[in-house]
Structure formats: C-alpha cells, structure tokens
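Asker: For reference, the chains in residue letters:
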Amino acid sequence: MSPQMIGFLVSATWETIEMVVISCAIAVVFGLPLGVILLVTRKHHVLEGVTINRVIGMIVNAIRSIPFIILLVAITPFTQLVVGTSIGTVAAIVPLAVAAIPFFARIVESAMKEVPAGLLEASQAMGASPMQIIRYVLIPEAMPSMIRGITLTLITLVGYSAMAGAIGGGGLGDLAIRYGYQRFEISVMVATVLILIVMVQGLQLIGDGLANRLSHHEN
Amino acid sequence: MITLKNVNKHYESKAGRIAALTDINLSVAPGEICGVIGKSGAGKSTLIRCVNLLERPSNGSVIVDGQDLTKLSQSELRQVRHRIGMVFQHFNLLSTRTVYQNVALPLQLLKKDKREIDQAVLSLLELTGLKDKAQAYPSQLSGGQKQRIAIARALATQPKVLLCDEMTSALDPETTTSILELIKGINQKMNLSILLITHEMHVIKSISDHVAVIDEGRIIENTDIVSLFKDPKTPVAKRFTESIMSHELPKLLSQQLKTTPVTDGHTVIRVTFKGHAAAEPVIYHLVKTYQVQINILQANLEYLHNETIGMMVATINGGQEETERALCALRDKDLSVEVLGYVATDDWVLS
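So the sequences go chain by chain: A and B.
The numbering used here puts the first residue of the first sequence at 1, with every later residue one more than the last.
The numbering used here puts the first residue of the second sequence at 1, with every later residue one more than the last.
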C-alpha cells in the first residue's frame with residue numbers, strides 16, 4: 001500500500017470518528033430529554049400527558065421508519081439550512097444526528113421503563129417531585145442500560161456513516177467504495193473493513209466495561 | 001395521628017366498577033402501632049397506599065397529623081409526604097446508590113446541606129446497626145439488611161408516621177423477628193405512630209397494640225390485640241388467630257369422637273385461658289380435688305403485651321359426676337370450657 005493510501009486511510013478513519021462521535025453526542029443531548037418525555041408522559045406515569053406522548057411518539061416513529069439512505073438525501077435542504085452546506089463530513093453529521101436522535105430516545109425510554117415501579121412509588125412516597133424523580137431515580141438507575149444504548153447507537157452510526165459517502169461525507173465507507181470497490185484495490189477494502197471491525201469491537205468493549213462498572217445489580 | 005374516615009376506593013374497568021375498599025374507618029393514635037391483617041387481595045395494600053395518597057381514595061377523608069390530605073394540592077401533598085415514612089415488602093432501594101446515599105436521598109430531596117445530611121444518616125445507620133455497611137451497595141446486602149436500610153431511609157426526615165407495607169413478607173422468620181424488634185424499639189424511642197399491613201398473624205401478635213382485620217375491602221374487626229385473640233368475632237379473624245394457636249384436633253382423635261357420653265370413656269374438652277387464669281395451676285387443682293385423670297393432647301400459650309392467652313385440648317377420665325364437677329370448677333375460674341365430644345377408652349388408647 002502506498003504511503004499516500006495510508007494517509008487516506010488515516011484521514012478517512014478520523015472522518016468516521018468525527019461523524020460518529022459528534023452525531024452521537026447530538027443524539028444524546030436531544031434524545032435523552034425526548035426519551036424521558038416519552039416515558040413520563042405515559043398513562044399513570046409521573047407526568048401523564050397522553051396527547052404529547054402520542055405526538056412525540058408518532059414523530060419518532062416516522063423518522064425511524066425512513067431508510068437512512070433516503071433520509072440522507074431527503075433532508076438536504078435542512079442540512080443546508082443548519083450547516084450552510086450539503087456536502088462533506090460536517091454536512092453528513094446532520095442526517096446522522098437526525099436519524100440517531102429518535103433511535104436513542106427509544107433506547108432511553110426502554111432503559112428507564114426497566115426501572116422497577118417500586119422505586120418510583122418509594123420516591124413518590126418520599127415526596128419527590130416529578131423532576132426530582134427523573135433526576136435522582138430514573139436517570140441514575142437507568143444509566144448502565146443507557147450506556148449500553150450509547151454503545152449501540154455509536155456502532156449503528158459507524159454503519160450509517162459509510163452511507164454518508166453518498167453525499168461526499170468522506171470516512172472509511174466512502175474510501176472503501178471509491179478505492180476498494182470501484183478501483184478493485186483489495187488491500188484498501190481489507191484495510192477499511194479491519195479498521196471498522198477494530199473500531200466496533202473497541203466501542204463494545206469500552207461500553208460494556210463502563211456499563212458494568214456503573215451497574216450494581218445482583219447477578 | 002392517622003384517621004381514615006369513610007374511605008372508599010373503586011376502580012372503573014371494562015367489566016364495571018370494582019370496589020377495592022368500602023367504608024373504611026380506622027384510626028391510629030399517636031405512638032400506637034396499628035396492624036391491619038388480611039388475605040391477599042383483601043385490599044390491605046390499597047388501604048395503606050390511601051394513607052399517603054399513593055392511591056387517591058374515591059371519597060372519604062384521610063387525616064394525618066390534623067391535615068386532610070385529600071384536600072391538598074400536589075405540592076402541599078409532597079410536603080406532607082416528607083413527614084410520612086414508608087417501608088415496602090421489596091425494600092425499593094436504589095441499586096446505583098450506596099447504603100449511605102440511599103438513606104441520604106429523602107434529605108437531598110429536601111435540599112438539606114451536606115453536614116446536616118451526614119449527621120442524620122450516620123445516626124440512622126447507627127440506629128439500624130449498619131454503620132459499617134455505609135459504602136456498600138444494596139446488592140451486597142442480605143434481605144434483612146436491606147430492610148434495615150429502607151427503615152433508616154424512611155426515618156431520615158424524622159417523620160411522625162411510619163407506614164409498613166408487608167415489611168417482613170420477603171424475610172425469613174429469624175430476620176422477621178429482628179426487624180420487628182427494631183420497629184418496636186423505634187416506636188418507643190421516637191414515639192412514632194405506625195400503621196402496618198401484613199398477612200402474617202405473628203407479626204401482628206408481636207408488635208401491634210391495635211388490630212384491624214380486613215376482608216373483601218371492608219374492615220370486619222377493629223379491636224385491641226388481646227380481644228382479638230380472646231374473642232375473634234368473624235370466621236376470617238378466627239382463622240388468623242388459629243394460624244398461630246392450632247385449634248384443630250389430631251385426625252386420629254376427631255375420627256373417634258362421639259357426640260354422646262360413652263360409659264367409662266373420656267370427655268374431650270377444649271379450655272381457653274385468658275389473663276390470670278393462665279398463670280394458675282389449674283390442672284393440678286382439678287386432679288387433686290376431683291379425682292379425675294387429665295391428659296393434655298394439645299396446648300399453646302401466647303404472651304401478648306401483659307396478658308396471656310392459652311388454649312388446651314385435653315381428655316378427662318373419671319366418673320360422670322366427677323367430670324361434671326371438674327368442668328364446673330373450670331368454668332368458675334372464668335375459663336371458657338367447650339366439650340368437643342367423647343371417646344371410648346378402647347378406641348382412644350392413651351399411650
């Protein structure tokens with residue numbers, strides 16, 4: 001492999017990391033409150049609000065049902081509006097984040113749904129307000145599951161980021177298609193795949209380790 | 001301290017209205033331990049949840065420390081809940097918080113400063129005997145230890161009222177005893193009013209001053225603990241008291257039992273002791289004075305507060321006249337004597 005190609009690989013790896021990490025951070029920032037709202041506005045929950053729950057639930061489902069490759073192209077005007085361009089790594093972050101927000105919101109919702117009802121009851125009996133229940137009970141108790149959810153989101157985003165090559169997003173997926181597939185450079189193909197495997201394995205390892213450290217459940 | 005007045009609770013479902021509680025009237029005096037006992041599904045969980053309005057009664061009033069909780073706004077209700085401790089069957093501790101942090105939680109909710117929290121938590125851990133476990137997580141503790149933490153947490157805000165929801169039902173008998181001792185001690189030390197619900201009669205027996213029996217959403221007996229044991233008025237209450245004072249005859253005996261006297265046979269009697277009579281040498285007296293033979297088949301004594309309640313099943317053997325006189329003497333001693341039947345000597349071989 002030529003030194004130039006190694007340079008490409010390094011910068012493509014960096015672009016992938018950039019896209020994945022930033023879009024995941026955005027997904028966490030917006031998805032966490034969204035997931036909390038999805039849970040606590042359920043019937044009989046601490047901030048029951050059936051209408052808002054249904055509206056947000058429908059929006060989340062709608063975005064999640066669009067195949068990513070189509071979402072990527074469909075929201076180009078929005079991307080243009082937000083980052084001023086619709087081409088390149090930064091532009092790819094917008095559709096990645098848009099796809100990841102509802103994904104992570106559902107993860108948050110289900111992680112918090114696993115918090116035993118008894119804990120909510122106990123905190124209500126203590127006189128905790130809904131906001132205090134979210135802050136002191138739901139979020140900390142669901143944290144290990146949410147860390148696993150972030151790992152899942154990151155890994156899903158690694159896969160999605162490969163498609164971002166379609167709008168010139170760069171990254172490893174883009175490199176693999178342009179050099180490995182279209183120019184038959186098997187070594188590039190193998191190298192990108194290996195890097196992706198290492199990346200996913202590493203993410204999983206770190207995520208699991210962190211989640212286990214935070215979890216103090218029996219078993 | 002706690003008064004439930006005409007409390008009703010019903011749920012609407014597709015099958016129609018389901019009544020969970022009907023006309024509940026119950027009060028717990030300051031410093032008193034009141035036990036509510038009932039079978040599962042009798043409505044006891046709903047009842048205790050109505051006291052801090054985790055379940056809102058359909059109608060009726062819930063008065064705690066002079067305040068009708070049903071008339072309060074959500075935020076006023078939260079203020080009141082800070083002064084009502086609650087302990088649950090499954091402890092409900094936060095798994096990601098240490099023992100110390102769990103006990104500190106109610107104080108954090110009240111935004112107390114660190115020093116105040118530290119002081120309160122350490123003295124509570126001392127009280128519940130778990131000071132050395134302060135940095136452990138709930139998953140590292142036994143059931144009894146977890147319940148001690150839950151009790152410490154419930155007491156963190158120095159409540160006047162403690163609600164115990166099947167507090168010992170997930171614990172083994174030995175641990176149950178130690179938890180009940182802890183609760184009794186706290187009750188005396190802090191003059192705490194306690195409402196507890198359970199399906200276990202021995203829990204009621206060991207710590208309650210006052211007992212209410214609940215069945216199908218209604219309170220069917222509401223009396224002090226000694227009266228309930230002496231004189232249960234309903235079949236349900238009877239079954240509960242019998243659960244710790246076995247009243248059933250041995251099978252072999254009940255099969256042989258005849259309804260009419262048998263010549264030269266035994267008379268089977270059940271004697272219930274109440275109060276002072278239990279302390280007297282009644283049997284010795286009978287045997288000596290009336291020349292009858294007494295064979296005890298079953299006996300049980302329970303000590304409730306300052307009273308003793310006992311039950312004995314025995315056979316009396318002697319002439320008809322002697323037996324009759326002996327029974328009269330027992331009745332004179334203010335014992336309740338019940339003739340269960342008669343057995344022939346041959347049938348009932350006393351070994």
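Please note: incorrect hints may appear among the correct ones.
Not the full set, but computed from the structure, chain B residues with beta-carbon under 10 angstroms of chain A [stated by the list, open to error]:
1) Gln79
2) Ile84
3) Ala154
4) Ala156
5) Gln158
Here are the computed lysine-lysine pairs in the DSSO-like style, where the Cα-Cα straight-line distance is at most 30 angstroms [what the hints assert, rightly or not]:
6) B/Lys131 - B/Lys5
7) A/Lys113 - B/Lys184
8) B/Lys258 - B/Lys288
9) B/Lys189 - B/Lys233
10) B/Lys14 - A/Lys113
11) A/Lys43 - B/Lys189
12) B/Lys114 - B/Lys71
13) B/Lys288 - A/Lys43
Calculated from the structure, these hints are not laboratory results.
Where a beta carbon is used, it is the ideal one built from N, C-alpha and C, also for glycine.
Asker: Any of the earlier hints contradicted here, and which numbers?
Answerer: Hints 5, 6, 7, 9, 11, 12, 13 contradicted; others consistent.
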